[in-house]
Amino acid sequence: MSRQPKLLIGLAFILGMPSMPARAQSTDQKIEDLEQKVEQLDQEVKVAERNKELQDADAASQAQNAASVTADTGGFTIKSNDGDFLLKIGADLQVDNRAYVGDGAAAGADTILLRRVRPTFSGSVYKFVDFFFRPDFGLGSTVIYDAYLELKYVSAAKVRVGKFKPPVGLERLQSDDDTSFVERGLPTLLVPSRDIGYQISGDAVPQLVNYAVGVFNGVPDNGLGDVAVSSHRDYTARLFLTPFSSAAKNPLSGLGFGSGISGGGVDGIALPAYKTFGQTTFFTFASGVTSAGHRTRLTPQGYYYLGPFGLLSEYTLTEEGFKKGLVQKDIAFRAWQVAATWILTGEKKSFASPTPRKSFDPHNHGWGAVELAARVGDFSAEKGIYNYGFASSNTSPRHAHEVVGGVNWYLNRLVRISVDYGNTNFGGGAVLGNRLSERVLIARFQINFI
Amino acid sequence: MKLTALLMVAVGSASLAAGSVKLLNVSYDPTRELYQNINAAFVKQWKAKTGVDLVISQSHGGSGSQARSVIDGLQADVVTLALAYDIDAIAEKAGLLPKNWQSRLPDNSSPYTSTIVFLVRKGNPKRIKDWNDLVRPGISVITPNPKTSGGARWNYLAAWGYALRQSNNDETKARDFVARLYKNVPVLDSGARGATTTFVQRGIGDVLIAWENEAFLAINELGKDKLELIAPSVSILAEPPVAVVDKIAARHGTAAVAKAYLEFLYSPEGQEIAARNYYRPRSKEVAAKYDKQFPHLTLFTVDEVFGGWQKAQKKHFDEGGTFDQIYQPGR
Numbered sequence: 001m002s003r004q005p006k007l008l009i010g011l012a013f014i015l016g017m018p019s020m021p022a023r024a025q026s027t028d029q030k031i032e033d034l035e036q037k038v039e040q041l042d043q044e045v046k047v048a049e050r051n052k053e054l055q056d057a058d059a060a061s062q063a064q065n066a067a068s069v070t071a072d073t074g075g076f077t078i079k080s081n082d083g084d085f086l087l088k089i090g091a092d093l094q095v096d097n098r099a100y101v102g103d104g105a106a107a108g109a110d111t112i113l114l115r116r117v118r119p120t121f122s123g124s125v126y127k128f129v130d131f132f133f134r135p136d137f138g139l140g141s142t143v144i145y146d147a148y149l150e151l152k153y154v155s156a157a158k159v160r161v162g163k164f165k166p167p168v169g170l171e172r173l174q175s176d177d178d179t180s181f182v183e184r185g186l187p188t189l190l191v192p193s194r195d196i197g198y199q200i201s202g203d204a205v206p207q208l209v210n211y212a213v214g215v216f217n218g219v220p221d222n223g224l225g226d227v228a229v230s231s232h233r234d235y236t237a238r239l240f241l242t243p244f245s246s247a248a249k250n251p252l253s254g255l256g257f258g259s260g261i262s263g264g265g266v267d268g269i270a271l272p273a274y275k276t277f278g279q280t281t282f283f284t285f286a287s288g289v290t291s292a293g294h295r296t297r298l299t300p301q302g303y304y305y306l307g308p309f310g311l312l313s314e315y316t317l318t319e320e321g322f323k324k325g326l327v328q329k330d331i332a333f334r335a336w337q338v339a340a341t342w343i344l345t346g347e348k349k350s351f352a353s354p355t356p357r358k359s360f361d362p363h364n365h366g367w368g369a370v371e372l373a374a375r376v377g378d379f380s381a382e383k384g385i386y387n388y389g390f391a392s393s394n395t396s397p398r399h400a401h402e403v404v405g406g407v408n409w410y411l412n413r414l415v416r417i418s419v420d421y422g423n424t425n426f427g428g429g430a431v432l433g434n435r436l437s438e439r440v441l442i443a444r445f446q447i448n449f450i
Numbered sequence: 001m002k003l004t005a006l007l008m009v010a011v012g013s014a015s016l017a018a019g020s021v022k023l024l025n026v027s028y029d030p031t032r033e034l035y036q037n038i039n040a041a042f043v044k045q046w047k048a049k050t051g052v053d054l055v056i057s058q059s060h061g062g063s064g065s066q067a068r069s070v071i072d073g074l075q076a077d078v079v080t081l082a083l084a085y086d087i088d089a090i091a092e093k094a095g096l097l098p099k100n101w102q103s104r105l106p107d108n109s110s111p112y113t114s115t116i117v118f119l120v121r122k123g124n125p126k127r128i129k130d131w132n133d134l135v136r137p138g139i140s141v142i143t144p145n146p147k148t149s150g151g152a153r154w155n156y157l158a159a160w161g162y163a164l165r166q167s168n169n170d171e172t173k174a175r176d177f178v179a180r181l182y183k184n185v186p187v188l189d190s191g192a193r194g195a196t197t198t199f200v201q202r203g204i205g206d207v208l209i210a211w212e213n214e215a216f217l218a219i220n221e222l223g224k225d226k227l228e229l230i231a232p233s234v235s236i237l238a239e240p241p242v243a244v245v246d247k248i249a250a251r252h253g254t255a256a257v258a259k260a261y262l263e264f265l266y267s268p269e270g271q272e273i274a275a276r277n278y279y280r281p282r283s284k285e286v287a288a289k290y291d292k293q294f295p296h297l298t299l300f301t302v303d304e305v306f307g308g309w310q311k312a313q314k315k316h317f318d319e320g321g322t323f324d325q326i327y328q329p330g331r
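Sequence order for the protein chains is A and B. Each residue of the first sequence is one higher than the one before, counting from 1 in our numbering. Each residue of the second sequence is one higher than the one before, counting from 1 in our numbering.
The set of hints was computed from the structure by calculation and includes no laboratory data. A portion of the hints provided could be inaccurate.
Unchecked claim - Simulated pairs of lysine-lysine, DSSO-like, Cα-Cα distance not exceeding 30 Å:
id: 1; chain 1: B; residue 1: Lys183; chain 2: A; residue 2: Lys30
id: 2; chain 1: A; residue 1: Lys37; chain 2: B; residue 2: Lys226
id: 3; chain 1: A; residue 1: Lys37; chain 2: B; residue 2: Lys129
id: 4; chain 1: A; residue 1: Lys127; chain 2: B; residue 2: Lys247
id: 5; chain 1: A; residue 1: Lys127; chain 2: B; residue 2: Lys22
id: 6; chain 1: B; residue 1: Lys129; chain 2: B; residue 2: Lys183
id: 7; chain 1: B; residue 1: Lys122; chain 2: A; residue 2: Lys52
id: 8; chain 1: A; residue 1: Lys323; chain 2: A; residue 2: Lys275
id: 9; chain 1: A; residue 1: Lys383; chain 2: A; residue 2: Lys275
id: 10; chain 1: B; residue 1: Lys259; chain 2: B; residue 2: Lys226
id: 11; chain 1: B; residue 1: Lys126; chain 2: A; residue 2: Lys46
id: 12; chain 1: A; residue 1: Lys165; chain 2: A; residue 2: Lys127
id: 13; chain 1: B; residue 1: Lys122; chain 2: A; residue 2: Lys30
id: 14; chain 1: B; residue 1: Lys93; chain 2: A; residue 2: Lys127
id: 15; chain 1: B; residue 1: Lys226; chain 2: A; residue 2: Lys30
id: 16; chain 1: B; residue 1: Lys183; chain 2: A; residue 2: Lys37
All chains should be built: construct the whole structure from the sequences, respecting the hints.
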């Protein structure tokens, strides 16, 4: 080979030599870069997974501690995870249509009205303290009906403080949405509706003996009040026995009976005005009459339930002092009722409303529950009420006798449609003879969840 | 009087006959192993001394969270938390123990101390030597959330204290330093043990700022071939305190045993157990015995640099404090 080609070959070789290590270095660098990238991505994935893990743990911890919110036939309920705090929001809405018929129709005007519009707030704090608050916006007015708290540290001796139903009348103690008739019977006219005071109650013997004792401000018959009008107090007590309630198969397991009693001074307490089934006032006291002295009530009462059949009866005897001018006398009032019901669709009757086996849903052949109800009742004031000038025989009959029949259609646990027909005859209360009878047809649409 | 005495004997006998006495120790996150050993030793000692069977239950979590749990009703007979501020909170907000609780036991109620160190991967691939390495771009730092973890607050203050030293006490520079450090934190666990899990088990991060005892335990568990401990040039002297929760112990009838339990921590046996679990013992004798176990580093206290925990908590960790200002998650 000549020298020039050798030189050229040598030169080419020398020039070619550096490019081989440079390519290798570039590949190594790329691999290193890729490894770093993979490591970085691996870390990012791990970080994301770990953060998700921590978030899930945090969410699980919060969910464990979170309060629960439910909505069902018992209303809307908010409950803390540990059960220490509970709030229930419910409502009771009753829309009535009253139609008066017959000669006595003039006493009352046909009307559609909101009979009760009562939102309810109830619940418990720290498991052992219950509270209950219920105002009423019906009939165009705002009244606080119930506002109390109850300490249940000892179940046999619960302490209730506030405004609530004093433990006297049986039908009064029944919830407004559970009564078999749209309006309560005549004995309830003579017992307090709501009063402010203290009560201790409980099962002295579980499922056998229930008791309640209380002291209250004192209110007119069938009335409610927010302040005491004197330093006198109304003392109440009630004992109710259900001797066979624990024996489910015993035909007497649905029997309950007992009595309430109350007594106290009445000086300054407003006089009551007694109303008919149709809610028209049939008895008022004469001008110048005041409550004076003492009032005592005795209310033997009972019920019996067997399958779809129910029977409720009570008798109220009250003796109250009145004064007009220099005349002060005690006057006795008496009232009784016997109410019977039968659920045609076979559901079990009890002190509370029945739950239909099948809610009303015509698409699925569900018709709800249908109940027939009938009652008779009587109210009388002793004759002395006229003799002493406490009432006028021309305007206030001292005797009323009612017969009521009705049908209740429970569409479901919450909704009920009722139609009642009531006939009330009077003894006295008119210039010539007796006050005209009241005949009234009342239809009610009701929804209640609490 | 006779009747009362008879009743007391009857009740006492009934309670003894009823079985063991129970104690709940609410502690911070990384003390599980320590109190496992402490409890076993104390239960044995108490049985030998009194004949009473003792059952000690433990609850562990971020120190701040644990304090809140006790305030909210967790029935702790004793608390052994990461920092005095958390026990102060129980005293102030719930009134469960007196405000002078810290003076009731020696050494401000801290039977052992610890400090903050770094845990890195074996071989220290990212060459982490000191605090300033933690703010380098690309370094991933694992430390828990100071809002919930006592250890995290010690970590934060240790970093801040370092930065103050480096900058001649320039607060602005210290704030900037700590802000840069938290920019390198991808995951904020609620407690120190969770942070250790993130670093060791999940393999996340280049460095874990850790309780010294946590660092040693992690190395023991995972192996010296996987992790190594780096002692920074300067760190904070952590003094985790202990206290009887008076009102709860009184209600449970455990005041005496709770006091004895905490006093046991100061006993030679308790100090040995602490040292074996990599907590720096207060006892000079035990400390001398375990001197080689612990790295020697310059330590400062919360009182020296920050004027105490009340001031440090208010400035840095309360709502709207410095940590809230500098840490923006998902930045």
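Status of each hint after checking the structure:
The hinted pair formed by B:Lys183 and A:Lys30 meets the criterion: a straight-line CA distance of about 29 Å does not exceed 30 Å. A distance of roughly 22 Å separates the Cα atoms of A:Lys37 and B:Lys226; the hinted pair therefore holds under the 30 Å criterion. Distance restraint check for A:Lys37 and B:Lys129: the Cα-Cα separation of roughly 25 Å lies within the 30 Å cut-off, and the hinted pair is therefore satisfied. Of the supplied pair hints, the one linking A:Lys127 and B:Lys247 holds, its CA atoms being roughly 22 Å apart against a limit of 30 Å.
With a CA separation close to 25 Å, the supplied pair A:Lys127 and B:Lys22 stays within the 30 Å bound. For the suggested pair B:Lys129 and B:Lys183, the alpha carbons sit about 19 Å apart, so the restraint of at most 30 Å is met. For the suggested pair B:Lys122 and A:Lys52, the alpha carbons sit about 27 Å apart, so the restraint of at most 30 Å is met. For the hint linking A:Lys323 to A:Lys275, the alpha-carbon distance of about 22 Å falls within 30 Å, and the restraint holds.
Simply put, A:Lys383 and A:Lys275 have alpha-carbon atoms about 19 Å apart, close enough for the 30 Å limit, and the pair holds. With a CA separation close to 41 Å, the supplied pair B:Lys259 and B:Lys226 exceeds the 30 Å bound. Between B:Lys126 and A:Lys46, the direct Cα distance comes to roughly 19 Å. Compliance with the 30 Å bound is thereby established for this hinted pair. Restraint check for A:Lys165 and A:Lys127: satisfied, since their Cα atoms lie roughly 23 Å apart, inside the 30 Å limit.
Distance restraint check for B:Lys122 and A:Lys30: the Cα-Cα separation of roughly 25 Å lies within the 30 Å cut-off, and the hinted pair is therefore satisfied. Between B:Lys93 and A:Lys127, the direct Cα distance comes to roughly 23 Å. Compliance with the 30 Å bound is thereby established for this hinted pair. At most 30 Å may separate the alpha-carbon atoms for a hinted pair to count; B:Lys226 and A:Lys30 meet this at roughly 27 Å. For a cut-off of 30 Å, the pair hint linking B:Lys183 to A:Lys37 stands: about 20 Å separates their Cα positions.
Figure legend: structure checked against the earlier numbered hints; the only hint not met is number 10.
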